[in-house]
Amino acid sequence: MNRSLAVRAALALFAATGLAPAQSVSQLLARLDRAAATFKGAKADLRRTSYTASINVTEEESGSTVIRRAGPGKLEFRIDITGANANTWVIRDQTAEHYLPAMNQREPWDIRKYRDLAQTLLVLGFGMSGRELAASYTVSNPRRDTVAGRAATAVDLAPKSQDAIEKLHLKKVELWVADDTAAPAREKFYFTDGNTWTVEYFNVQMNPKLPASALDLPKGAKRVKMQ
Amino acid sequence: MTDRLVFENLRHKPARTFLSILLIAVPVTLILCLVGLSHGMMDETVRRTRSIGADINVRPPGSTMFTLGGGMPDKVVPVLAGMPHVSMAMGVVNQSVGSLTLFATGLDLKQFNAMSGGFTYLHGGPFQGPEDVIVDEFYATQKHKRVGDSIEILNRNWRVCGIVENGKFTRIAFPLEVLQRRTGNVGRVSQVYLKLDDPANTEAVIRAIKSQPGWEDYPVFSIAEFTSLVTTTDPGGLKAFTAVVMGIGVVIGFLVAYLSMYMAVLQRTREIGILKSLGASSGFILGVILAEAAAQGLGGCALGIALSFGARWLIHFMVPASLTMEIVQGWWPLASAIVLAATLFGALYPGLGAARQDPIEALAYE
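The listed protein sequences derive, respectively, from chains A and B. Take the first sequence: its position 215, counting from 1, is numbered 218 in the working numbering, and each next residue is one higher. Take the second sequence: its position 116, counting from 1, is numbered 120 in the working numbering, and each next residue is one higher.
Note that these hints are calculated values from the structure, not bench results. Treat each hint with caution, since some may be false.
As the list claims (entries may be wrong) - Quick list of in silico lysine to any residue cross-link-like pairs, SDA-like style, CA-CA up to 25 angstroms:
id, chain 1, residue 1, chain 2, residue 2
1, A, 175, A, 58
2, B, 214, A, 199
3, A, 228, B, 49
4, B, 172, B, 100
5, A, 228, B, 185
6, B, 17, B, 27
7, A, 191, A, 144
8, A, 228, B, 244
9, B, 214, A, 58
Generate the whole structure from the sequences, applying the supplied hints.
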C-alpha cells in the first residue's frame with residue numbers, strides 16, 4: 004500500500020515538474036504527425052544565441068516568428084530580428100527575402116538549391132510531421148526536460164542531408180518538443196567547428212488567425228535582386 | 005576567274021552584301037563582348053584584391069550561412085591580429101549596390117592606409133563625418149558627381165568627400181561602422197584581410213590559423229590562391245551563357261548565309277545557266293557560291309571584331325564603374341571560325357541547288 008502510494012506520489016511529482024517518463028522516438032514522431040495534420044500556422048517570440056568557438060564569444064538576438072501553412076506540404080516562414088541588427092527573413096516557395104529596415108531594402112534570393120538548408124536551420128519543427136523529421140534526420144536519445152518551465156521531450160537529430168553536413172558543417176541538432184504545443188521549445192545546432200546556435204521559442208500560439216498579409220514585407224522598400 | 009566573279013557579285017549588290025556582313029558580325033561581336041566582359045570583370049577583381057596589400061583573406065565559415073547576416077563577429081579581427089607573423093588585420097563589410105558587379109565597402113581608413121598605402125585622391129580627401137562617402141573616378145563619372153555633391157547609395161543620400169583613382173580595393177567606401185549600421189551588421193564583418201611580416205610565411209600562417217580550435221571550417225586563402233579562385237570560377241553561369249550565345253551565333257550565321265546565297269542564286273539563275281553553257285562544272289558553280297559566302301563571312305568576322313572595340317568604348321563611356329570589358333585577342337580566331345563555319349554550312353544548300361541547275365532551264369528562267 005505504502006509502495007503504491009510512493010509510486011503515485013512520484014508520478015504526480017514527475018508530472019508536476021514535467022519530468023514524466025520520456026516518450027519513445029516513435030511516440031514522439033507519431034505525436035508530431037498528429038500535430039502536423041492540424042497545423043495551420045504559429046506565432047512565437049524567439050531568442051537566438053550564437054556561440055563562436057574560435058573566439059569564445061556568445062551573442063544574443065531576439066525577435067519573433069510567424070509560420071503559415073500555405074497549402075498541402077507548403078510552409079511559409081517569417082523571422083523578425085529586432086535590435087541594432089534588425090532584419091527580417093521571409094521564406095516562401097523558392098525564394099528567401101531579406102529585409103533590412105535600416106536601408107528600407109528587400110533582397111530576394113533564389114534558394115531553390117538551398118531551400119532545405121534554410122528550413123533545416125531557420126524553422127525546424129514547426130508544422131513538420133514526424134515523417135518529414137525522420138526523413139531529414141536520424142532521431143535518437145529521447146528524454147524528458149523542461150525549457151523555461153515548460154515540459155518537453157528532447158531528442159538528438161543527426162542530419163541526413165549531405166548539403167547540411169558539407170555546406171553548413173552541421174554536426175547535430177538537439178530538439179526540445181514542448182508537451183503543450185507539440186512545437187519546438189528550443190533547438191540547439193552544433194557545427195563541426197564547435198560553433199553552436201540555440202533558438203528558444205516562447206509565447207507560442209498555435210493556429211492563430213493569420214491574415215494573408217502576415218508575411219508581407221513593406222511594399223515601399225527598394226527591391227535589389229541578389230544571387 | 006572565281007575571285008573576279010565573287011568580287012563582282014559582291015560589288016554588284018552592295019546593300020545585300022553590307023547587310024549580310026553586318027548580320028554575320030553581330031554574333032561575333034556578342035561572343036567577343038561576353039568573353040571580354042567576363043575576363044574584364046575577373047581581372048578587375050584580381051587587381052583590386054591585390055591592391056589591398058594583404059597576404060591572407062579570411063571568410064566566415066559555412067555555419068554562418070543563415071546566421072549573423074552571413075558575416076562573422078568583428079571580435080575575430082583582434083584575435084587574428086594577435087597571431088604570430090600577422091602584422092596587421094583589417095575587417096571589412098561588403099554590401100551589393102544594386103547590381104551583381106558593384107559593391108560598397110565599409111572600412112577603417114587608418115587601417116586601410118597602413119595596409120595598402122591608401123587611396124590616391126584625385127579630388128577631395130578622407131571621410132570628415134558619418135555622412136561621407138569616397139568613390140572612385142569611374143563611379144563619379146558614371147553618376148556625374150563631384151566632391152561635395154550629394155549621391156544616393158543604399159537608399160539614402162551621402163556627401164561625396166573624395167574621388168580616388170580607379171583600381172584600389174573598392175569603388176565605393178564608407179566608414180566601417182557606418183556601413184555596419186546601415187546593413188544590419190553591427191559588430192560583424194564580411195571578411196578579414198591579414199598582412200604578414202613576411203609574405204613567405206603565408207602558408208605557415210594559414211596552417212596555424214586552421215589548426216586553432218574553432219577555426220577549422222573558416223575559409224582561409226592566400227591572396228594568390230584567392231585570385232586564382234576568382235579567375236577559375238564561373239560567375240552567374242557565364243560560361244553556359246557564352247555557349248548559348250555561340251549557339252545563337254551559329255544559327256544566325258547559318259540563316260544569314262542561307263538566305264543571302266539563296267537570293268543570290270535566284271537572282272543569278274540565268275547567269276548560272278550561261279556559265280554552265282560555257283562549260284562551267286557543277287564544282288565550279290558551287291565553289292563560286294561558297295567563296296562568296298566565305299567572303300561575306302570573313303567580312304562579318306572582321307566587322308564583328310571591330311565592333312567589339314566599339315562596344316568596349318561604349319561600356320567604358322556609359323557604365324565604367326559597373327562593367328569592365330577587355331579585348332581578348334585569343335578569342336578572335338575561335339569566334340570567327342565558329343561563325344565562318346556556320347556561314348559556309350548555310351551557303352551549302354543554295355550552292356548545291358545552283359550546281360545542279362539544268363543550263364537550258366536556267367537560260368529560260370525569267
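Holds or violated: residue 228/A and residue 244/B, Cα atoms, limit 25 angstroms. holds, 21 angstroms
Next pair to validate is residue 191/A with residue 144/A; report whether the Cα-Cα distance is within 25 angstroms. The given pair, whose Cα atoms are some 15 angstroms apart, holds under the 25 angstroms limit.
Run the distance test for residue 214/B versus residue 58/A: straight-line Cα separation, threshold 25 angstroms. The hint holds at about 13 angstroms.
Could you grab the alpha-carbon distance between residue 175/A and residue 58/A and see if it respects the 25 angstroms cut-off? holds, 21 angstroms
Keeping to a limit of 25 angstroms between CA atoms, is the pair of residue 214/B and residue 199/A held or broken? Status holds; Cα separation ~18 angstroms.
Sort out whether residue 27/B lies within 25 angstroms of residue 17/B, counting only the CA atoms. holds, 16 angstroms
Agreement of residue 228/A and residue 49/B with the hint, judged by alpha carbon distance not exceeding 25 angstroms: This hinted pair holds, its Cα atoms lying about 21 angstroms apart.
Holds or violated: are the alpha carbons of residue 228/A and residue 185/B at most 25 angstroms from each other? Distance ~21 angstroms between residue 228/A and residue 185/B Cα, so the pair holds.
Please work out if residue 172/B and residue 100/B have their alpha carbons no farther apart than 25 angstroms. holds, 17 angstroms
Violation of the numbered hints given earlier is absent; every hint is satisfied by the structure.
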